[in-house]
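Engineer: Construct the complete structure from the given sequences, taking the supplied hints into account.
Chains as they are written, first to last, in numbering that gives the first Met the number 0: chain A, 0 to 481; chain B, 0 to 481.
I should point out that these hints are in silico values taken from the structure, not numbers from a laboratory. Hints may contain errors.
Which copy is meant is left open, so a pair is good if it fits within one copy or across any two.
Stated by the list, open to error - Simulated pairs of lysine to any residue, SDA-like, Cα-Cα distance not exceeding 25 Å:
#  : residue 1 : residue 2
1  : Lys397    : Leu13
2  : Lys357    : Pro104
3  : Lys244    : Thr110
4  : Lys244    : Ala289
5  : Lys357    : Leu216
6  : Lys357    : Ala164
7  : Lys244    : Arg158
8  : Lys372    : Ala12
9  : Lys244    : Leu216
10 : Lys244    : Gly220
11 : Lys138    : Gln325
12 : Lys372    : Arg40
13 : Lys244    : Leu105
14 : Lys126    : Asp193
15 : Lys410    : Ala271
16 : Lys244    : Thr183
17 : Lys410    : Ile343
18 : Lys357    : Ser74
19 : Lys244    : Asp292
20 : Lys244    : Asn300
21 : Lys244    : Ala164
22 : Lys244    : Glu218
23 : Lys126    : Trp404
24 : Lys138    : Thr377
25 : Lys357    : Ile99
26 : Lys357    : Leu419
27 : Lys244    : Gly168
28 : Lys397    : Pro374
29 : Lys138    : Gln108
30 : Lys126    : Val245
There are 2 protein chains.
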Amino acid sequence: MSSPTDFLDAARALLGPRGFTDDPELIDPWLTDWRGRFSGRALGLASPATTTEVAALVRLCAEHGVPIVPQGGNSGMSGGATPDPSGTAIILSLRRMDMIREIDPLARQVTCEAGVVLQRLHEEAEKYRLRFPLTLGGKGSATIGGLISTNAGGTQVLRHGTMRAQVLGLEAVLADGSVLDSLTPLKKDNRGFDLKQLLIGSEGTLGIVTAANLRLLPEIGGRVVAWAGLPSISAARQLLLHFEKVAGDSLEGFEVLPAHCLASVLAHLPDARPPLAGQHAWHALIELVAPADGAEQLATNAETMLATALEQELLEDAVIASNEGQAEAFWQLRDAIAPAERAIGPAMQHDISVPVAKMARFVEEAAPDIEQKFPGTTAVGFGHLGDGNIHFHVLAPKGAVRGEWEASEGKVISAYVHDLVTQFGGSISAEHGIGQMKRDELGRLGDPVALALMRSIKQALDPNGLLNPGKLVPLAQEGASP
Amino acid sequence: MSSPTDFLDAARALLGPRGFTDDPELIDPWLTDWRGRFSGRALGLASPATTTEVAALVRLCAEHGVPIVPQGGNSGMSGGATPDPSGTAIILSLRRMDMIREIDPLARQVTCEAGVVLQRLHEEAEKYRLRFPLTLGGKGSATIGGLISTNAGGTQVLRHGTMRAQVLGLEAVLADGSVLDSLTPLKKDNRGFDLKQLLIGSEGTLGIVTAANLRLLPEIGGRVVAWAGLPSISAARQLLLHFEKVAGDSLEGFEVLPAHCLASVLAHLPDARPPLAGQHAWHALIELVAPADGAEQLATNAETMLATALEQELLEDAVIASNEGQAEAFWQLRDAIAPAERAIGPAMQHDISVPVAKMARFVEEAAPDIEQKFPGTTAVGFGHLGDGNIHFHVLAPKGAVRGEWEASEGKVISAYVHDLVTQFGGSISAEHGIGQMKRDELGRLGDPVALALMRSIKQALDPNGLLNPGKLVPLAQEGASP
Chain A
0 MSSPTDFLDA ARALLGPRGF TDDPELIDPW LTDWRGRFSG RALGLASPAT TTEVAALVRL
60 CAEHGVPIVP QGGNSGMSGG ATPDPSGTAI ILSLRRMDMI REIDPLARQV TCEAGVVLQR
120 LHEEAEKYRL RFPLTLGGKG SATIGGLIST NAGGTQVLRH GTMRAQVLGL EAVLADGSVL
180 DSLTPLKKDN RGFDLKQLLI GSEGTLGIVT AANLRLLPEI GGRVVAWAGL PSISAARQLL
240 LHFEKVAGDS LEGFEVLPAH CLASVLAHLP DARPPLAGQH AWHALIELVA PADGAEQLAT
300 NAETMLATAL EQELLEDAVI ASNEGQAEAF WQLRDAIAPA ERAIGPAMQH DISVPVAKMA
360 RFVEEAAPDI EQKFPGTTAV GFGHLGDGNI HFHVLAPKGA VRGEWEASEG KVISAYVHDL
420 VTQFGGSISA EHGIGQMKRD ELGRLGDPVA LALMRSIKQA LDPNGLLNPG KLVPLAQEGA
480 SP
Chain B
0 MSSPTDFLDA ARALLGPRGF TDDPELIDPW LTDWRGRFSG RALGLASPAT TTEVAALVRL
60 CAEHGVPIVP QGGNSGMSGG ATPDPSGTAI ILSLRRMDMI REIDPLARQV TCEAGVVLQR
120 LHEEAEKYRL RFPLTLGGKG SATIGGLIST NAGGTQVLRH GTMRAQVLGL EAVLADGSVL
180 DSLTPLKKDN RGFDLKQLLI GSEGTLGIVT AANLRLLPEI GGRVVAWAGL PSISAARQLL
240 LHFEKVAGDS LEGFEVLPAH CLASVLAHLP DARPPLAGQH AWHALIELVA PADGAEQLAT
300 NAETMLATAL EQELLEDAVI ASNEGQAEAF WQLRDAIAPA ERAIGPAMQH DISVPVAKMA
360 RFVEEAAPDI EQKFPGTTAV GFGHLGDGNI HFHVLAPKGA VRGEWEASEG KVISAYVHDL
420 VTQFGGSISA EHGIGQMKRD ELGRLGDPVA LALMRSIKQA LDPNGLLNPG KLVPLAQEGA
480 SP
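Structural biologist: Structure representation (structure tokens):
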């Protein structure tokens, strides 16, 4: 390996002053993930402007044995875009690659670069009376490249699938600097292994996504957002089955939360009001969408659907948002759960999934089990019932010290939650990915056959272990940088 | 390597007389693909009854260096399940593994083994008022394992996607005999690379699919099948855009055929009648489906949609099938094209795709170009316009000798067609796969970066090259059996 100075000179020469810096002040904001849980150091920050520049940089890194940490909006949940403390790696920011190369409104497709921010994509699509059917809390910072690399989820997965379902074509730079161009979308293409599927969700460990062709959908004609009070999460499951049956494709979101979460949010947001007058053990937030010209029909249908559910005793009470402002307010109650719970005190947050049919049972059994095993804790599960995806938070006992508790009892609790979810045939990472946060847990609990396969693939595609080392693949560091 | 006798004895001991045979009479029917285009020899025919037996057999083959050719219904289109002439490989038939392990009607999921025949799956789903949304001509023989391994398409891809979109979970035996079990369907699971995606469409070269969890949909309430006469394939594209807009999710199929195909079918099927009285250069077959209770509404809507299309001069004439019998008759006209064209004389048949927006232009330009370049030939394109998937047939000049023509001029024509489709950014295999038939063409025309990646993955997952050698991956044979 050559000296870092040689590499830095070469990188500067390659990318110019806008494209590469080793100025600590400029690098510093990108060394820590947005939640402040992971921090590292870096040799430099590369911000190439084109795919050609990314490819040349990757070749340069390969020559010099310099590891690469790809980074989009730096708003990931698992530390997947944060370098390790060694300071040997560079951060490769894709943020400068933010061109929307083409929108084809007839084919309903958009080709955009990795650095395009999700919210901007939404806005661009709207101009054509189209929509991109994936959204999430971090839409103001999350980039298309990051969303693809983590196979991001969000609140519309029930109907439209995760990021994987939106990607029609992909462009990526591989470990040797070659460019895989499968951007042209073909609805049917059976020329061998579907390589783009391998890159989606691989968190930058197999290649660096530089652009993608994404599907768009017609804009919606309107939506109905309803709030229902329920006696239990099992009842929520029954209500979901009811809506799947009667609402069909118009059912776009189905979120559940326990009374505890609603109370936390109401305490946290001074202007928030409870949607229903009475007390309910559980709540469901339901979103239905109508095609163009179908808004009135949907409003009528939605009332019938809720009335039938009430008759069948599938819910205790329900209300339909009377206007778009109220609909937004309902969603705000849902979106504010995480910050509201965080404000109460330290908590371990788990992004887990189980088969949809088992989700109610999991929450009903796991929550009291944990509260009993770890006295003083409060366990709450909320989230995407229709996807079997629970955000399962365990709040620390009163008086626990932030920072200390997470590293001691919190860690034990997380391992216990992961054990439970594995027993249920579930996943320790539903939508947030593995990154560095869950890598060791994946190594501990993952299927050994799947892990061996992942290691083989990682070794084959990145033999020198320079692509996002230490992330995602447990023990991948064994074969890392020579 | 040990002697074949050692292996045969061990295989017999492992699987018993029902599970393994080297009787040439019993093997013979499986040595040739159903269209009689590829033929080979085999050391034996294994028919394991369980995943455990498949795994043990694969381990045994690995020990003895015996290549394995997995086979389902032996109704593939590209020779992917036919052994080579060396006689060193065994055929591994999955047909005995035909259990439907579980149907979960609430979750709308079915877990079935690789040997389950597609038609049986349809029938099983119907018992629960559900349906499996993929069908194709060979449904009476095609197995789930084969459909997954080739990522099969069919006539419902427009709305429901290829086989890939139906697979929620997978069980497969890998080259070392280990079993990858990702059968449990999780709607969200971000624990690293999506390994099942790699196996889907890999034609048995990376692993042997033994079971799958598949999605089911609610049964339909009814369908409307319409036939339209059109001046051109460009007009068909406009009509498709119209239906995508006004029919939305109820549009389930949109097939196109030129006058030549219809004439061939009418000549071939004595009882068939033309759906329309007049002459039209092109025809479209349109299927719309209704949800439960929506049949009447759909029938009304369909009439309006066609009337609007007529007003807007998007079609010349149209008729709606007046009953299910007539609907079937319309579909029969479409399904009989391939046999009807074959009856005329020798033809080169190409299963290709281009971006949907370019399909009309491709057919309009390629057909006359080929007829001019190869005098006496007739070029016809028909198929799944909504998917950009054309079955592009070039019929031999009159008097051409079957068998001879295909191997001489026919071969040159195919290479020419593949060159053209590549220039259009398309695929030389839309839905039939690569197998042995198109392996060299994929090597010639495939993106070198993608090919290198495929070879790395093949080498990593099957280092001794024992899984379906000579299929799919160009030059994979370089690293084959030691």
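Engineer: Against the earlier hints, flag every one the structure doesn't satisfy and list their numbers going up.
Structural biologist: The structure conflicts with hints 1, 8, 12, 14, 15, 18, 23 and 24, although it agrees with all the remaining ones.
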